[in-house]
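Keeping their order, the protein sequence lines are chains A and B. Residue numbers for the first sequence follow my numbering, beginning at 1 and rising by one. Residue numbers for the second sequence follow my numbering, beginning at 1 and rising by one.
Don't read these hints as lab results, they were simulated from the structure. These figures come from a predicted structure and were not determined experimentally. Idealized CB from N, CA, C, for every residue including glycine. Hints may contain errors.
[As the list claims (entries may be wrong)] Derived DSS-like pairs: lysine-lysine, alpha-carbon spacing no greater than 25 Å straight-line:
id : chain 1 : residue 1 : chain 2 : residue 2
1  : B       : K408      : A       : K63
2  : B       : K322      : A       : K33
3  : A       : K43       : B       : K55
[Stated by the list, open to error] Examples of chain A residues toward chain B, derived with CB under 10 Å:
id : residue
4  : K33
5  : K72
6  : L89
7  : D90
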Amino acid sequence: MSEVMEMPLSEVAEWLHRCARCGNCKTVYGIFKPSCPSGEEFKLEAFYPSGRIWIARGIYTGKVRPSRQLIKSIYTCTTCASCTVQCVLDLHEHIVDIIEALREELVRMGVGPTDPQARLAKYIKMERNPYLEPHSKRMELLRRLNVYEKRKADIVYFVGCTAAYIRKEVAEATVRILKECGVEFSTLKEDEWCCGSPLLRIGQVDLAKEIADHNAAAIEESGAIRVLTSCAGCYKTLKKDYPKMGRTVSAEVIHVTDLLAELIAEDRLKFSREIKATVTYHDPCHLGRHMGLYESPRQILEAIPGLKLVEMERNMENAWCCGAGGGVKSTWGGFALNVAKRRIEEAERTGANFIVTSCPFCKTNLNDAYEKFGGLRTVDVVELVLKAI
Amino acid sequence: MELRRNIESIYSEVEEVVGSSFVSREEHVLYVYSYDMTIEPPHMPDLVVMPRTVKEIQEILRIANKYKIPVVPFVCGTNVGGLTIPVKGGIILDLKRMDRVIEVNEEDMYAVIEPGVTFGQLKRLFNTKYRNLRYSWPYSPPFASVVANALLQGLASMSLKYGSNADMLNGLEVVLPTGELVRVGSCSVSPYWFGRHPLPDLAGLFIGWQGTTGIVTKAGIQLWPKPDFRDLLIAVIPDPNMVAKPAIEIVRKNIAEDIVVSSWALSKARVTKYPIQREEGVEAYLQVVISGSSRKEFEGKWGTASKIIRQYNLKPVELPEKEIQIRLNLPSNVILGWIDHRAGGGLTWVGSYVPMSRWVEGYRKGTQIMERYGFSPMIFMRAMREGHYGVLRYLVPFNKGSAKEKDKVKDMCRELCKLVLDIGGIPYKPPIWMAEMIQQRMDRGCLELMKKIKKLLDPNGVMNPGRLCLK
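Okay, chain A solo, but in the shape it has when bound:
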């Protein structure tokens, strides 16, 4: 096995001494604003990428003893990957792999993950989702929308846990748009399990592999040629992490924003209503930096009549994280909200009326921060599209 994702530290060992701690990872070049959410929050060197890489080296060489004390600095990384953009050394593309390998190592050593994260893993094992919602209700919304029964189609919609249980409006908007555009699709029904993203982020790789085996088989069974996700996390996991774990997804994994951009280009998605508003787009880390998907959401927003898109200072590959990812929200809710607060403040400075994103988890955290601190609300791209057709 040569893939980095599922390997503990020995598999990334060649990179562990390659960081010069030059500090580039700490700031967005050109804008010179902070790039690392946990470093910005906690300030100690151990909370920056370079510090974590050195800790990984310390663990690997036996100079740092594994202990629960490590948890905070290692598990407060949102794995937003901003450091991978700012670092100019060859090491850059391995930084998140090192963090995730370190977490896997800590799990194996019995040190990680955090208690709330361990509960997530337990919930996923029990109910196939991290929210401990009944698995039997996963497809409730799709039943209500009369799209549950369909067995075969070229596209299978992988709803994802957050859209299935928490941000149902995202799943609903996705389904309604597809129906409106006459796009045939099916679902995996109860064979859709959590994609495993939360597990991979916290180092619970063994369980993630089991889940990947199941989902990959279910997708193959569906006979679809495309798997559609409306969640940035599911998208990255199915498209990038499954192959890294040696699990082949038989269908092309596509994010809803790519599909909608396609439908607009083919004139199959037409807008009939104006939305008179100024919006700014928040790039989800899993969609943007991890997968390079920046243009489609913007193309969609620019195609909506009346809508004006303005950019935040840190956008696209330099976007500031929403703060929720990497298992952070479950354990350090206050920190996650502080990060989101900074993002909302940045959005406010653009003069936008609200924030648009394309990840239900980003939406959740940004709106949680809105509830606590005020500022701007966040909606998903698909919600806006639905309003405009």
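Given the coordinates of chain A, work out where chain B should sit on it, guided by the hints.
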């Protein structure tokens, strides 16, 4: 042993000062502060503390004196000299949280900043608010401390005119090792931080001392107007004997903003992996930054520099705009992109200030030494202070993962340091072993005076003990 016994009490007392979020004695947190990118051996601190205010620093230093525990100031740890490695353990005083720009006085062209302010932060301020002002930018990453760089006498983009960045300090606010707060420079008398004269220049008690005489909590730094016209002239130097002459001649015409000579290996390292292949007929590159407040002035200077380049038969080089901007628009994130060119993430150097009259010798002999050890001769030179001295820096990226290579680098750096001293130069930002080599040649009276000053300011020897070899 006594320190170990007291560490619990020290931790509690420091925690009371800064709060529990900003003090740590967790092994992995300390471990990160135990090393830097250089060959200098790591050493663990006992505590890391992140103060936010001057008062907190005063309290911490009082605690340090009470327990006689070492205190090592730290901001970003990018000094390339192992200078923040706590060789005697103790408290790492991480000053990142002290990152306020207290004042920018546009009219009198200075800023008052805290030690945690980075070059990137300062650049942002100029990009967004004070567009007509500039600072002297080093070839350092954007996340490096402006104040630390100046206190360590670092060189930068305007050093040809004004000297090292220490020469651009207008005044300091310092917490003395025993906890008292002092201001030196005009700010000791006046509300304006306009300069260090006409008073005894007490800033010298803290500049170049590697944090052994106090904690600087505010610094006044000089700013300059941004010129309207600015560009970079580059030419190939084909022969090692020519690395100094054209540069010196341009210096003496008083037309350049900055003059740098980079060896062939240094010029290629960012885009090439080890071993770097040398191009036929290329020994080094001469880089001259020309600026002017009018097109006529700019073109006149450009023409004069070009003429000198032609006289020496140097071949001008056309670089893509992006490459020119990397050199002109500092601080740059890629300027140190060569650090990892030996696939090892380590960087150490022997950087020095030398008489420019000895540049050629330093360049030639340095090349021989580096090649003998199997390293590409990455050599950087810059004319300083209108040519009254120059930089001679041997850069050594190395593989941190190889103990054997580290030993080799150590031996090589000793030879390079000796070379620098032999040609009448003095290494800057010296690690302890280098400071020792400097002191062996230092006037005894000067050395004794340094020791007396240190003893006077820091009677308990708590500030960065071991540094500068001030036993």
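So which of those numbered hints doesn't the model satisfy?
Those not satisfied: there are none.
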